[in-house]
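All chains should be modelled from the sequences, with the hints used to inform the complete structure.
Using numbering that gives the first Met the number 0, the first residue of the sequence shown is number 0, and each one after it goes up by one.
These are computed hints drawn from the structure, not numbers from a lab.
Every value quoted in this text rests on a predicted model; they were computed, and no experiment measured them.
Note that CB positions come from ideal geometry on N, CA and C, so glycine has one too.
Each hint should be verified, as a subset may be incorrect.
Straight-line C-alpha distance at most 25 Å; calculated DMTMM-like pairs for lysine to aspartate or glutamate [as the list claims (entries may be wrong)]:
#1 Lys124 - Glu73
#2 Lys1 - Asp16
#3 Lys90 - Glu125
Derived DEER-like restraints, expressed as beta-carbon distance ranges [said to hold, decoys possible]:
#4 Glu125 - Glu58: 29 to 39 Å
#5 Val188 - Lys30: 45 to 55 Å
#6 Phe94 - Ser64: 17 to 27 Å
#7 Glu213 - Lys27: 29 to 39 Å
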Amino acid sequence: MKKIKGVIFDVDGVIFDTERISSEFWTKTMKKHGHHMDNEIYSQVMGRNAEGVISGLEEIYKDPSIDFRAISKEKVSDMVEYLDSGDIPVKTGVFEIINYLEKNGYKKAVATSTRKKRAKRRLEKEGIYEHMEAFMYGDEVTHSKPDPEIFLRAAKKINLKPEECLVIEDSPAGVEAARRGGFVCINVVDMKQPTEDMKRDTVAIYDDLLGVIEWLEENNK
Numbered sequence: 000m001k002k003i004k005g006v007i008f009d010v011d012g013v014i015f016d017t018e019r020i021s022s023e024f025w026t027k028t029m030k031k032h033g034h035h036m037d038n039e040i041y042s043q044v045m046g047r048n049a050e051g052v053i054s055g056l057e058e059i060y061k062d063p064s065i066d067f068r069a070i071s072k073e074k075v076s077d078m079v080e081y082l083d084s085g086d087i088p089v090k091t092g093v094f095e096i097i098n099y100l101e102k103n104g105y106k107k108a109v110a111t112s113t114r115k116k117r118a119k120r121r122l123e124k125e126g127i128y129e130h131m132e133a134f135m136y137g138d139e140v141t142h143s144k145p146d147p148e149i150f151l152r153a154a155k156k157i158n159l160k161p162e163e164c165l166v167i168e169d170s171p172a173g174v175e176a177a178r179r180g181g182f183v184c185i186n187v188v189d190m191k192q193p194t195e196d197m198k199r200d201t202v203a204i205y206d207d208l209l210g211v212i213e214w215l216e217e218n219n220k
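Listed below in structure tokens is the structure:
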């Protein structure tokens, strides 16, 4: 393994504790329209951009009568209003790992499936945006995770090869995208417990970002 020179962060479920909130709003909105949804179903599509989530749910439900595009629009509107009304919950270890990476000369980038306008506003609001050197957003790529496009373009922005970057992900789609792009990946567990594929495709699994600091200390000196 080459020496890691940069870290690429997913946002929802890694920096912000928002995947649970997203699942709650999907469940509530689907119920409003007479359909069942739960965390188990949502975890199968989490980590993708909006179009990826919609196509994933269409594949899971196989019910052409469900207008997932309209439901998604309603869900997003309600969730954005909720998040904009207060502080966004930040995951354990976010500021500690940012401080560690800055002190040790690592490059830092964000690669999120969330749209630019929304993700940028949230990162700025919680004082994280200013610490990152590059950004890739869900509406800036052609192919959603598990395609590696978003990570490859983020690595290019910080002038590093994939094997020189550590990707931090919580979702199966994100972990697969990192593997397909040739990145080193750590799974920080959020809603989805790691599958056998996720265990195979990551160098470590931790409950929070503090564990990632420990891994870098032990494996990247």
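Hint check results:
With a C-alpha separation of about 23 Å, the suggested pairing of Lys124 with Glu73 holds against the 25 Å cut-off. Of the pairs offered as hints, the one joining Lys1 and Asp16 is violated, with about 31 Å between alpha carbons and a cut-off of 25 Å exceeded. Distance restraint check for Lys90 and Glu125: the Cα-Cα separation of roughly 11 Å lies within the 25 Å cut-off, and the hinted pair is therefore satisfied. For Glu125 paired with Glu58, a C-beta distance near 34 Å keeps the hint of 29 to 39 Å intact.
Evaluation of the 45 to 55 Å hint for Val188 and Lys30 yields a failure: the beta carbon distance comes to about 27 Å. In this structure the hint that Phe94 and Ser64 lie 17 to 27 Å apart at CB is violated, the actual value being about 46 Å. At about 37 Å, the CB distance of Glu213 to Lys27 agrees with the hint of 29 to 39 Å.
Checked against the numbered hints above, the structure violates hints 2, 5, 6; every other hint is satisfied.
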